[in-house]
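Student: Following the hints, put chain A in place on chain H, whose structure we already have.
2 protein chains.
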Amino acid sequence: MRLRLTVAYDGARFSGWQSQANGKAVQDALEQAFRILCGTPTTVHGAGRTDAGVHALGQCAHVDVPDKRLPPGDWLGAVNAHLPQGVRVMRIQKTPPDFHARFSAKGKVYRYTVWNAPVLPPLLSDRIWHVPGKLDRDVLRAACDSFVGRHDFAAFCARRSKVPEPTVRTLTRLCVTRKGAEISLTFHGEGFLYKMVRMLAASAIRCAGGRLPLEDLRHRLKNAGPRINHVAPAGGLCLLRVIY
Amino acid sequence: MRLRLTVAYDGARFSGWQSQANGKAVQDALEQAFRILCGTPTTVHGAGRTDAGVHALGQCAHVDVPDKRLPPGDWLGAVNAHLPQGVRVMRIQKTPPDFHARFSAKGKVYRYTVWNAPVLPPLLSDRIWHVPGKLDRDVLRAACDSFVGRHDFAAFCARRSKVPEPTVRTLTRLCVTRKGAEISLTFHGEGFLYKMVRMLAASAIRCAGGRLPLEDLRHRLKNAGPRINHVAPAGGLCLLRVIY
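So the sequences go chain by chain: H and A.
Just remember that this note's numbering sits 197 ahead of the position in the first sequence, which is counted from 1.
Just remember that this note's numbering sits 197 ahead of the position in the second sequence, which is counted from 1.
Watch out, some of these pointers could steer you wrong.
Here are the simulated DSSO-like cross-link-like pairs (lysine-lysine), alpha carbons at most 27 Å apart as the crow flies [claimed, not checked]: (1) 331/H / 221/H; (2) 291/H / 265/H; (3) 419/H / 392/H; (4) 331/A / 331/H; (5) 376/A / 376/H; (6) 291/H / 331/A.
Rather than coming from a laboratory, the hints here were simulated on the basis of the structure.
Note that this is a predicted model, so its numbers are computed, not measured.
Just chain H, same shape as in the assembly (with noise of 0.2 Å):
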């Protein structure tokens, strides 16, 4: 029986999605509780994978568990039993065989969120990136609307490995929001490259804030400029959903 699961955690306190020598990541901990739930060593296939201290609502993953092993109502409440603090399955739903999490996902939506004011409230630390200075929001949604389309984000990534992958995606939407001191960021995608999205925000921000021209930005997007080499902290961004 293959199960899907909605899956939000708080990603200061893991190592990131992906599962890791040391244990540490969301992937370790639902494997772990699954496991022990299905008797047998257990693979969990997320729908991608979030860095270290970025957060999750949404994020998607299935599993495939023994049939009859627990009636179907009660998957949620055994499985969270046994996770650690800082993640928990919000849902689960039987699936068909053929849905896979990561093949069958049409997009993803995140959100970078920044604190535009010069303090941080400290109930928002770990959550959100603190950008004390000035900043101009015609520039931001100027910056964030060039964004949407179909790109070569080329020079918008971090490369995971030396082999070069394609970098052309298309960004449907990018909403900006501001209430208070509190920017959002939403960036709706059909697939995002490695660091994009924190690097897309940087890039903005630091255009609303005149340390870089919106020229730049757009030649960057034309892949005729250099590589950003900005990142927005990872506490500031979180998977929303992932669209199937």
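Tutor: Using the frame of chain H, we list chain A on its own:
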């Protein structure tokens, strides 16, 4: 020169507001920062105590500092640079010497927050009370309405000492809002007894969950019933602001 401070803190990181022998209270952190900046032991007077685990967005305090030690606009940054993670002074204003954070206070606003769904999102742990069971909204509202006004809250407070204290207080307003699974109870009052907000919150939730008859609650407000023996968890409580 007297300064008025607006202080925010993550209660999970401190043993409460009031100075402790172990030095792990919010007051200790502030007094240590001011001692460094003033070059002499300095007392920080808070508007009131909060218990270990209770958060604040707008605790108020005052402190006397030597004139001309720093330009007035530099205090905020200087103090925050000497504070540990989990506490920040959000605002500093020069105030007349007859202002007293505790004795000048006319009231306080506390918010108690409950998460009413089967699973608690991990980013909210330590910040909300997880109540998974079904709650009757009408009963919750009726219970909260019955608290408003001038009552003897003797049944809804913990004793701090063996000396009996007056227990009549006026709750001027109690707003109940629900947004998805999150229920907020916002208490406006002239003054609160020890653990009163957490005992009122626990009682209202027990009524809404069918575990305490509304009539019992009302009897107790007439000081005709035994003391309530349920205290809602500290992490759900936040001191929003002090009214002067």
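Student: Each of the hints needs a verdict: does it hold here or not?
Tutor: Status of the hints after comparison with the structure:
1. The suggested pairing of residue 331/H with residue 221/H is violated, with an alpha-carbon distance near 38 Å, which exceeds 27 Å.
2. At roughly 12 Å between alpha-carbon atoms, residue 291/H and residue 265/H fall within 27 Å of each other, so this suggested pair holds.
3. As the CA atoms of residue 419/H and residue 392/H are separated by approximately 19 Å, the hinted pair is consistent with the 27 Å bound.
4. As the CA atoms of residue 331/A and residue 331/H are separated by approximately 46 Å, the hinted pair breaks the 27 Å bound.
5. A threshold of 27 Å between alpha carbons decides the hint, and for residue 376/A with residue 376/H the separation of about 17 Å falls inside it, so the pair holds.
6. For a cut-off of 27 Å, the pair hint linking residue 291/H to residue 331/A stands: about 25 Å separates their Cα positions.
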